[in-house]
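A.B. asks: Protein chains in written order, with the numbering used here: chain D, 1 to 255; chain A, 1 to 255; chain C, 1 to 255; chain Y, 1 to 255; chain G, 1 to 255; chain V, 1 to 255; chain S, 1 to 255; chain W, 1 to 255.
Quick caveat, the hints were computed from the structure, so don't treat them as lab data.
Just so you know, these numbers come straight off a predicted model, no measurement behind them.
Backbone N, C-alpha and C define an ideal beta-carbon position, used for all residues, glycine too.
Do not take every clue at face value.
[Stated by the list, open to error] Which chain Y residues stay away from chain S? Per the calculated CB distances, all over 12 Å, these:
1) Lys59
2) Ser84
3) Arg89
4) Glu99
5) Ala102
6) Glu113
7) Asn148
8) Arg151
9) Ala165
10) Thr203
11) Asp234
12) Gly238
13) Ala251
[To be verified] The calculated label-pair distances, taken between Cβ atoms and stated as ranges, are:
14) Y:Ala102 / G:Asp62: 32 to 42 Å
15) D:Ala251 / Y:Asp154: 29 to 39 Å
16) C:Ala251 / A:Asn148: 12 to 22 Å
17) S:Pro96 / Y:Glu99: 40 to 50 Å
18) V:Glu85 / C:Ala195: 53 to 63 Å
19) S:Gly22 / V:Arg172: 43 to 53 Å
The primary structure of each chain is shown beneath.
Protein chains: 8
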Amino acid sequence: MNRARLETLLTEVADGTLTPAGALDRLTHFPTEDLDFARLDHHRALRQGQPEVVFAAGKPVDQTVTICQRLAASHGTFLCTRTSEEQARALRENFPSLEWNAPARTAWLPPSERAVALPGELLVVTAGTSDLPVSEEVVAVAAAMGANVTRLTDVGVAGIHRLLAASEQLRRADVVVVVAGMEGALPSVVGGLVAAPVIAVPTSIGYGASFGGLAALLGMLNSCAAGVTVVNIDNGFGAAMAAVRLLARLAESKR
Amino acid sequence: MNRARLETLLTEVADGTLTPAGALDRLTHFPTEDLDFARLDHHRALRQGQPEVVFAAGKPVDQTVTICQRLAASHGTFLCTRTSEEQARALRENFPSLEWNAPARTAWLPPSERAVALPGELLVVTAGTSDLPVSEEVVAVAAAMGANVTRLTDVGVAGIHRLLAASEQLRRADVVVVVAGMEGALPSVVGGLVAAPVIAVPTSIGYGASFGGLAALLGMLNSCAAGVTVVNIDNGFGAAMAAVRLLARLAESKR
Amino acid sequence: MNRARLETLLTEVADGTLTPAGALDRLTHFPTEDLDFARLDHHRALRQGQPEVVFAAGKPVDQTVTICQRLAASHGTFLCTRTSEEQARALRENFPSLEWNAPARTAWLPPSERAVALPGELLVVTAGTSDLPVSEEVVAVAAAMGANVTRLTDVGVAGIHRLLAASEQLRRADVVVVVAGMEGALPSVVGGLVAAPVIAVPTSIGYGASFGGLAALLGMLNSCAAGVTVVNIDNGFGAAMAAVRLLARLAESKR
Amino acid sequence: MNRARLETLLTEVADGTLTPAGALDRLTHFPTEDLDFARLDHHRALRQGQPEVVFAAGKPVDQTVTICQRLAASHGTFLCTRTSEEQARALRENFPSLEWNAPARTAWLPPSERAVALPGELLVVTAGTSDLPVSEEVVAVAAAMGANVTRLTDVGVAGIHRLLAASEQLRRADVVVVVAGMEGALPSVVGGLVAAPVIAVPTSIGYGASFGGLAALLGMLNSCAAGVTVVNIDNGFGAAMAAVRLLARLAESKR
Amino acid sequence: MNRARLETLLTEVADGTLTPAGALDRLTHFPTEDLDFARLDHHRALRQGQPEVVFAAGKPVDQTVTICQRLAASHGTFLCTRTSEEQARALRENFPSLEWNAPARTAWLPPSERAVALPGELLVVTAGTSDLPVSEEVVAVAAAMGANVTRLTDVGVAGIHRLLAASEQLRRADVVVVVAGMEGALPSVVGGLVAAPVIAVPTSIGYGASFGGLAALLGMLNSCAAGVTVVNIDNGFGAAMAAVRLLARLAESKR
Amino acid sequence: MNRARLETLLTEVADGTLTPAGALDRLTHFPTEDLDFARLDHHRALRQGQPEVVFAAGKPVDQTVTICQRLAASHGTFLCTRTSEEQARALRENFPSLEWNAPARTAWLPPSERAVALPGELLVVTAGTSDLPVSEEVVAVAAAMGANVTRLTDVGVAGIHRLLAASEQLRRADVVVVVAGMEGALPSVVGGLVAAPVIAVPTSIGYGASFGGLAALLGMLNSCAAGVTVVNIDNGFGAAMAAVRLLARLAESKR
Amino acid sequence: MNRARLETLLTEVADGTLTPAGALDRLTHFPTEDLDFARLDHHRALRQGQPEVVFAAGKPVDQTVTICQRLAASHGTFLCTRTSEEQARALRENFPSLEWNAPARTAWLPPSERAVALPGELLVVTAGTSDLPVSEEVVAVAAAMGANVTRLTDVGVAGIHRLLAASEQLRRADVVVVVAGMEGALPSVVGGLVAAPVIAVPTSIGYGASFGGLAALLGMLNSCAAGVTVVNIDNGFGAAMAAVRLLARLAESKR
Amino acid sequence: MNRARLETLLTEVADGTLTPAGALDRLTHFPTEDLDFARLDHHRALRQGQPEVVFAAGKPVDQTVTICQRLAASHGTFLCTRTSEEQARALRENFPSLEWNAPARTAWLPPSERAVALPGELLVVTAGTSDLPVSEEVVAVAAAMGANVTRLTDVGVAGIHRLLAASEQLRRADVVVVVAGMEGALPSVVGGLVAAPVIAVPTSIGYGASFGGLAALLGMLNSCAAGVTVVNIDNGFGAAMAAVRLLARLAESKR
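Whenever a hint applies, use it, and build me the whole structure from the sequences.
C.D. replies: Here it is in structure tokens:
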């Protein structure tokens, strides 16, 4: 039951062609259709200035292009994650202004006019150069969502001085995403240095017993720094969205 | 928004004190309250002749008694699973007609008049005597739900002749629950012998590398008999409820 | 000992050329050969209107064709699962009426005359579009077995309203197969909405810590909705067969 | 090198008894002692209106009391998590105004005057009643830290209508902590309903294959709702601290 | 269909009261009842001189005594594994000649006259003194089954000379059971020293990352000595039975 | 210290140029060199009539050929396991009489005259056709070692009658190797049917939650049939060698 | 063949009653008995100034006392690890000079005169106070072995400044043992600060997903600091012995 | 704050343009910048005679060359691990004196003049020929670092005599690295034979249940030889660096 149909029903009640009891009956038998509104409302809220996100991994090239064309038509923008080079090439042919971030594997069509910018500052801290594809996904997704993003790279805990030298930058951030593989210790150290929210992203980088990122994941879940939260292995997209949720709340609370 | 309030709203639309647009606005801003109805309906359907189920494990004795008293007051019956002896004793003091199945750890207050009996026959097959606490939970829960239950016990695959000798009984059943620990092989053999639905319950019985039932669980999930389904380790309650869903559907389809 | 030989033996007893004691001796020394009959009977029962199922994954193309030719010769139909494109092409050359379902990877030779149709309705609910290959396998296998199948797709729990909008369709089904990857939460929500049997299929779709579908599998085994059963990861075939067992029982109980 | 010694050094440079080169040499050979200051500063910042947190599990009663006496002497407040009843009794004898939250196992000495209250609202959503000890820890710790906390309890996904009925309350929150055991599906549904940050806490509640909360943990890490973050199993303390980090940032950004 | 009933049937065919066709029909509809014979035969074979084995763990004392009384009555002997001290005491009251092996947790009633002794020699090699309860179970069970058992103890690989000093004893054995915890390396070394069958038993002895014997189990399964076989963790009973199967075959082949 | 040097030493003692005390000193300082002898003896014993075994997986083609040429030169025979087609082709060019078993991936150069044949009969039982590569490795290796091998194939437990029909063949065997993937239940059923030693080989065949054969491995380790032993996943070579150890012992005991 | 028998043999060769060939024969047929010497020699070397180590966990009190009495009689000293309070009390009754380290659970009888002290300095770094039982075991065992041990405690990575403040102490150490639970990140930071060998000990301290120390173990194995080595979970004894091996080598190299 | 800026600050204090209080304030607000010095000092120490190490796996060829050119320019040497053949070829074109160790996958540019050689002897013991790539990485890295390395190869525990024959070589070594796959038992035996530090490297060599080296890793962590330490699976680089830390300490202690 969409808005139009609900309007019709209520008009019928108003003009007497449907009794309240009859309307009650129809409403109670289609309890979920009303939720169409919520869905639409919700979508509208989500859409404000922010692109829809397509998880492109494994999607056929033509299907990816079709989805993006539909998104571009209705919203004027789109964002793809885990985009292959082949998909990116096909998208660029259709959308010359496409921004293709190769290491992050994101393909973004920036909207013609940028509606909303998120307040505050997101700092993306990366342990090693091998973790960069994941942290670049954080950067690309968050930037597409309107966040103000800065980077702090190659500050793994085995050379702790490099991180400490950036303590000023760390303390300034409103939310810190920390990307690390191997033992995943960096979020613990960062969590001890800053008071802001820290979102940890384990990566699948490591020798044998990293077990595809399990070691870093467990390390981050067991962080001795209180209040560090964790997302899935290599899930830069998820970390960016978590940061965006937070920055959006800052915006909300400022109004 | 409950039924009463929705009725009021519709009456207000009918008598003109509320415009359709105003009603539309109120309805769309409380999209979920309509669902109260579904919940109530749903509960009513569930309640017909069937007891509510209390997972008693770890609940304080007095809290368990209170919950059961409330259920008995409104429905005239209740069923507790994973009930300790101490909980059972306290319940019996309050409900002399309580049926306490010690190995199954169920405590059931039978309703004064039994409303609905499920059609068909549920056969509970058990591999070894150590698995009996779990299979007795299947029996007790399903029986309380109105199912007609029979047992086939101690027919583990290492003495396959015992199972084959019961092939007539196996073929008669409308649904078969197979309870087994150790390597969990019995559901595969049963699944090959019968055409009826087979629900497998792994138990935590076994030496070291059973890893608390993991071996049996994986065995059952990998059954070479097509169409065997599985519930959680030691989850006799879940298997009984799955069987009841199925028998209830038989009842439905007979109408 | 096949039927012919048993007939001979009994005739010999009848005409006195073999004493009852001698027959007893021979029968007890070949205890399993009698089972030949059961096997044949069983096969005949299974075969009625339903194709044999070939697990084609990894089989050489020529071997796959040979097996299917033998099945087609004796039963007039066959069904292959996990069929590669190359296998499918070779089969089509031999069987022009072959139905090749590319996403489901099934290849089915429909029988010239359909003997038995299963009663009731199987609803296949899919969480995300990435799960479609698995749910299409459910659909293709169940349909080949004679089931009446409908689909409900892209109703993952992160946008719960989409599922609720289909509650009517959900309640109508006689058995629901729910296919989901990632956290595998959809069967729990569906299990709470319907009273019919719910069979959950975890898929291997997900980021790093899905561990090839383990996360979804464990989620479904631990479903808080009572009576949800589970099959192996990506095992659309198994779920279809479990549903067919159930629908066949409905047919049985209607007679 | 503490502040006093650094002051002496600088004075010596100022009055010429130490050359800049000599001071440079001494400073570069004790690079970390300067950090004493940062530590003190940092501690001061952390301490503002917020109690120190003692992880009491396994600590001898007398040692626990001694630590708390020292904290009370210097800060006028303390907070213990995972406190046993015996520890709590001993603490109350020493601190009559102690607030002992039995299910949460927290023991808190409220400060005589509350310095800082955090802005915004933290909503703690709990799937089942068995998860309450963990969610009560969230509530107790966050409240002690100055957060404004509300609860939404027993809204597991198997009866999704209960959650939807509270959508207004969900949307109002500035940060949502979702506590769930078994399949851990609730954060996915909540994450789809709200735009605010969602912190998921898996609990160790469940049958065999929950493997002590592993099923819920994996489920939450694989959430299909973008931007949900996760803490360790049963780690109500960690979730509260993550929420406090966020609310503190809201406070920061409002200045 | 037991022997008596089959005899009746055949007699009826012989005297013409049942036609061969009728008999054929009845036989083919009860295919499994014939297997009664096999079962009886099988049992007789198993029973020759060897006690039945009762897995006593978790069985109530009275139930354990009852089972053993029944076994003693029909076979004149019994063997219990994983027997508690309380069970053993109760058994001794009933059977004064009971042999109670405390570390092995076996309780054995020796038959009044020993019928069959197995040929050959079983050598049980134990890595450390902590592994003795498991190796003693091997010794007690195999001895009760009629095997000739010798021991070689405390010859862990970290002091390899102790093992090499016993090479003569090792080479003499017809089958070697090797019991080891921790890294489970001993079977590999033994397997390289002897040509006889080697059965490895991992024990749950070890520090944290032995994970209850998993380390030893995996080590033994990956043994670089060709042809070493493995039983479950702490499963001394299983290893003894495997050795007995082998020694019995030696006996068979000598006839 | 090799034989020559030990001879020299003893001669020196005999002719008085070295005192017993001096010889004692030298001998005790080179304790392991004596073992050179044992090694030679041991090798000689192992070599009698049996080929050396080369694990060819991953070895470069030329290196594989070189090793085999050396073995052929000294022993007149060799056996390679896990041989690639490319390796096999290169070997055949050098050894025209090479026997290349493609599914088993073994390449065997039969000795010109066969010295020793093992007594008894090894039966290799296979659950499904997908398990054949592993069971063929058992057959090929055991046959090369001189064993008399027979096969029983496609007797998975979901169609138990096929196995029971072969009970005569099962009972005749001196040792049974059972190869099965998926839930690995077949060894339990076989172990219950025969008194001979049973060696179980799990294969990596199966859907998702077989986890590369882990499900079958755990199933076999937890077999409810007493005395079944297990080798590593897909380790047909190991099972063959375990069977050969046993058959060799039969030979030994017959002398 | 012990020393006495070897002496006899050599004397026989010397006086001509045994030919060199005959002696050669006897020596080569008892290859391992010579190793008796090596064992004794080896033991003597090990014993110099260092106590034997008894793993007391699970040993009966009387057996523990007996073993220690035998060690005290022959060596004048002993060391027990994992000693229970009851065992310690019984030992003290027999050995009034026993040193009982309660948190470390070690019981040590110091030798009357200390023969050898190891050179260099062992620094034991501990992350949190909950890890102290493990690090105290390192200290007690290493001290009993003659090592010079110092401690650096409560320097977890969440407050990195505490560790950096001790950089002088860290750089001075010849070998560093780092004990940490939870995410086990401390060895990575320490490994980046010092050039000396770093031995990491994971502890079982942590919330749910530490899985009994697995998280810390994996973290340490994946350390991004090159050249950090790891011992088993909670294995303070092993870390101490690894450090002692190293310090003993320093002593060796100084000679 | 770098050295230049600190020098300026101190000069300002010395000439009175900055008060000690002002300098104190600035120093305490930039606590970490001082650490620049430590970092530089540290790097200088590390650089003495030892090449920087590049983990080349996955790096683009041109990027690898650029990094190495920069290292060669400043240090005159570099070392790459996990170098592909393509990377090695490109490096050799730029650096004709490059030493490319194909099995070890290391590419090393030796410095024109070798500054420092480490004292002592590193012995690398390898279980099987399949483990050689890992042990060659140990050799290549340690040699590049200035260590004196010898090899002992193909001495797996299934033929223990081969290892014992090399006991002299084993006892001579100052540090032993033991490389083994499968059950990983070799370090236990070696650890029992030598008093020197033993570093164990598990490799991923093995059949199915080695689980990519997990079996060997767990085996080594549970070694019954006291004081054996472990590095990550296949981590030859880490073992070499651990040995180098130790040999460098020997050098230190000799001064």
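A.B. asks: For every hint, state whether the structure bears it out.
C.D. replies: Verification of the hints:
1. Lys59: Non-interface label on Lys59 of chain Y violated, nearest chain S Cβ at 8 Å vs cutoff 12 Å.
2. Ser84: Given a closest Cβ separation of 15 Å, the condition holds.
3. Arg89: It holds; Arg89 of chain Y is separated from chain S by about 22 Å at its closest Cβ, greater than 12 Å.
4. Glu99: For Glu99 of chain Y, whose nearest Cβ neighbour in chain S is about 23 Å away, the distance exceeds 12 Å, so it holds.
5. Ala102: Nearest chain S Cβ is 20 Å from Ala102 of chain Y, so the label holds.
6. Glu113: The claim stands: Glu113 of chain Y keeps its Cβ more than 12 Å from every Cβ of chain S (closest is about 28 Å).
7. Asn148: About 26 Å separates Asn148 of chain Y from the closest Cβ of chain S, which puts it past 12 Å; holds.
8. Arg151: holds (22 Å)
9. Ala165: Per Cβ check, Ala165 of chain Y is outside 12 Å of chain S; nearest 31 Å; holds.
10. Thr203: violated (9 Å)
11. Asp234: violated (5 Å)
12. Gly238: At about 8 Å from chain S, Gly238 of chain Y fails to clear the 12 Å cut-off, so the statement is violated.
13. Ala251: It holds; Ala251 of chain Y is separated from chain S by about 22 Å at its closest Cβ, greater than 12 Å.
14. Y:Ala102 / G:Asp62: 32 to 42 Å: holds (40 Å)
15. D:Ala251 / Y:Asp154: 29 to 39 Å: This hint holds: roughly 33 Å between Cβ atoms.
16. C:Ala251 / A:Asn148: 12 to 22 Å: Once the Cβ atoms are compared, 20 Å apart, the range 12 to 22 Å for Asn148 of chain A and Ala251 of chain C holds.
17. S:Pro96 / Y:Glu99: 40 to 50 Å: For Glu99 of chain Y against Pro96 of chain S, whose Cβ atoms are near 49 Å apart, the range 40 to 50 Å holds.
18. V:Glu85 / C:Ala195: 53 to 63 Å: Holds, at about 57 Å.
19. S:Gly22 / V:Arg172: 43 to 53 Å: About 50 Å separates the Cβ atoms of Gly22 of chain S and Arg172 of chain V, which means 43 to 53 Å holds.
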